[in-house]
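Given the sequences, and given the hints that come with them, work out the whole structure.
Protein chains in written order, with the working numbering: chain A, 1 to 453; chain B, 1 to 453.
Watch out, some of these pointers could steer you wrong.
Chain A is faced by these chain B residues, among others (derived, beta-carbon under 7 Å) [as the list claims (entries may be wrong)]:
| hint | residue |
| --- | --- |
| 1 | E98 |
| 2 | T172 |
| 3 | S174 |
| 4 | K178 |
| 5 | S180 |
| 6 | Y183 |
| 7 | G237 |
| 8 | S407 |
| 9 | G411 |
| 10 | V430 |
| 11 | A433 |
Derived coverage of chain B by chain A (criterion: at least 3 residues anywhere in the stretch with Cβ under 8 Å from a Cβ of chain A; other residues may be distant) [stated by the list, open to error]:
| hint | segment |
| --- | --- |
| 12 | 10-17 |
| 13 | 436-445 |
Don't read these hints as lab results, they were simulated from the structure.
This one's a predicted model, so the numbers in the text were calculated from it and none came from an experiment.
Where a beta carbon is used, it is the ideal one built from N, C-alpha and C, also for glycine.
2 protein chains.
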Amino acid sequence: MALDALRDVFGPRFSTGASDRALHGRSESHFPEMAPDAVVWPETTQEVAQILRHCSAHRLPVIGWGAGTSLEGHALAPHGGVCVDFSRMNRVLSVVPEDMLAVVQPGVTREALNGELRATGLFFPVDPGANATLGGMAATRASGTTAVRYGTMRANVLALEVVLADGRVIRTGSQAPKSSTGYDLTALFVGAEGTLGLITELTLRLQGQPEAVTAGLCAFADMTSAVAAVIATIQSGIPMARIEFIDAANVRAFNAWAGTSMDETPHLMVEFHGSPAAVREQAEAFGGIVADMGGGAFQWSERAEDRNRLWKMRHEGYYAARAAHPNAFPVTTDICVPISKLAEAVEETARDIAQAGIPGPILGHVGDGNFHALLLPDRDSPEQIAKAKALASALAERALRLGGTVSGEHGIGMGKLGYMQAEHGSAWAVMGALKAALDPLGIMNPGKMVRQE
Amino acid sequence: MALDALRDVFGPRFSTGASDRALHGRSESHFPEMAPDAVVWPETTQEVAQILRHCSAHRLPVIGWGAGTSLEGHALAPHGGVCVDFSRMNRVLSVVPEDMLAVVQPGVTREALNGELRATGLFFPVDPGANATLGGMAATRASGTTAVRYGTMRANVLALEVVLADGRVIRTGSQAPKSSTGYDLTALFVGAEGTLGLITELTLRLQGQPEAVTAGLCAFADMTSAVAAVIATIQSGIPMARIEFIDAANVRAFNAWAGTSMDETPHLMVEFHGSPAAVREQAEAFGGIVADMGGGAFQWSERAEDRNRLWKMRHEGYYAARAAHPNAFPVTTDICVPISKLAEAVEETARDIAQAGIPGPILGHVGDGNFHALLLPDRDSPEQIAKAKALASALAERALRLGGTVSGEHGIGMGKLGYMQAEHGSAWAVMGALKAALDPLGIMNPGKMVRQE
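Rendered as structure tokens:
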């Protein structure tokens, strides 16, 4: 049988055991388990190439696996096949402080990288919250709290090594800061969700740790004034490092989850990076906007441990909201709109959720126009689940009507495939043509990203 | 005949006249004239689609034309065909200050756009020097003096409308600041040099005009200390808006061209953007580095007209150098290396040029690790021309050996095609597969970018 040949090569680093398969067939969201037929743990690029040559020869599906933190079921295996788990390719290969870049294997997590960088005065800025792997973050074009300042994975991946469906190994990009030599293959593989090839090495741009960092938390009487403060801040050009919105339902969930005692009203969580003088100047300008919008006094966190507590709380927003509704069937949403449309998008969404009468806390990376309504219908109520799915569809339609996108950062996976035609129109067929060119047998993460035959 | 049908449709906006063909068969560099068979001036996306359907049906080559300022012969027509001149698609369609974006037709020049933006407090930052069209800048992934701060066209194009080879019209991207929905088609068409489709509309990111701007000029005793100052500046994280190097030969050419009286030694030209306090802080930090490296006193230009004169001089560097050697056969080079390798790259290059004994002024966007040696052999000396071509090859090999790229911003066109295999290895064949998927008949700018059959 086709799988047995891989067992012969990989020995204990290959498994068809039920528990290994089940662990690699689950997601952090509501999708049913879809397990691969086998899991393999390669240690080198050449081993990945060997797996892909074998799977091409036998037309076996191949699904990459990082940390399993996707919310859209990117790594589920609806057609079975071989899951390639990168957890043994987890070395930082080099750090070049003079060029502010690092070369890493795909299984390195962002926290592990930042741990290794601590002594260099540099950090990797992209912060999706979860401790995802850098390979997974590149494959899904992740972003998060700091994208408003430092960009998404699109801006922070300089070069890649990729193994194609047929086992060919290619390198994209270079270590130079820019290039104009040919098609931007790096950008093509970033966000391709493992449907064009498997990333086996990444060259990442690093940032200097800012001389001064100040973070803070500010309460608003209502959502409208909080969102108005965000819009005014972005339009005024203050170079925010982070500007996050959390609604009253989220604050309640945080208070229950983390034992905090925040006022249960909408809040903004912000962070400033720069020289001490620049941070002071930014914080003053922002404070002026907050006062104009009727926001409350700021609680500042200048000590690193206080800031870490603040952002840990924000990062656990998803888990806190789920813990508040343990019997929920979580439907995640992730729209992103032009900043001028943010108030309209958030307010319409909040009104729809209130009318539907199901829990739906709203939080998000509002400096980018990106927010999440986490819809939490009761798992045992088909009616609530149907309402949640209708709300998610309405949100997607709203995003497109307002010139935005159905997924700012969570990607497509299993969850958003149904919106690709609406968002991209005839460009979706172009994606299909590119897929067919690089993966003619359709073995790379099948069932995702492109129209199914 | 196939061309006559286009004449019937476009009337006076179609020409097979010798002078129109010759004007669209020339470049700003040393390439011989390669004229198209006809030139057409469409006014709408639908007209572009009509041209492409017609050219597909008759297998006629199609070459896009912006302002003709390419240095690598991107728009030459080695296989003849139809040149699509975008000069009549030159409208700014909308400016949305709240979202800091503009939607433009491809024939708008960067100076025209910035003229229209003046009253909004916004500007479009990418500045290649020449007054290129925005369509051409996107197609060639242009950058220039400000990329060190604001990025290249890759970072500043948010969405596109593109007409494919078969006449299909697609839209890529959205007006949201980020998205994770599918393959990054915007990035694929930016830099594709018209070989995958023709860009008919661009959505561009704008920047706020900085509150304060200061520019300056500083002399160094030698190239080594000037380059060392650049490296230290970039590594220290000062957010330079511009940092340009010009060597002594360039200064001599400027003095002759512009009637200036600068010391004929290497110089840096810099600019700072920010709040008044931030600009002061940056300039002080930079001044400290210059002093450490033995640089001379700074001549500051705080008035807009002085700054404009400074950057006009820089932008005319190419013309000034050519004017100093009117009988030259100009061979342009454009390597880009990691900043840690910049000193090695510049010094080896200067030494080789000196040994070859032909004029070769060096200048460049050194904050990005990008510099140009403009090789100026005598047009009537086959021996000098051969030496210049050997120097250009050695430069390209040097760039690759140092982890860089053969073209930081000038692109591939006719001039750098011979280096694609060396730079991209097996990834070049992947580019060929993408080209075949989107342009199966090979009518889009044939003879460029991919391996010829």
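Do the hints match the structure? See the list:
1. E98: Holds - the Cβ of B:E98 comes within 7 Å of chain A, reaching about 4 Å at its closest.
2. T172: holds (6 Å)
3. S174: Check passed: Cβ of B:S174 comes within 5 Å of chain A, closer than 7 Å.
4. K178: holds (5 Å)
5. S180: The hint holds - B:S180 has a Cβ within 7 Å of chain A, the shortest such distance being about 4 Å.
6. Y183: Result: holds, 5 Å to nearest chain A Cβ.
7. G237: holds (4 Å)
8. S407: holds (5 Å)
9. G411: The hint holds - B:G411 has a Cβ within 7 Å of chain A, the shortest such distance being about 4 Å.
10. V430: holds (6 Å)
11. A433: holds (5 Å)
12. 10-17: Check failed, 0 qualifying residues.
13. 436-445: holds (count 3)
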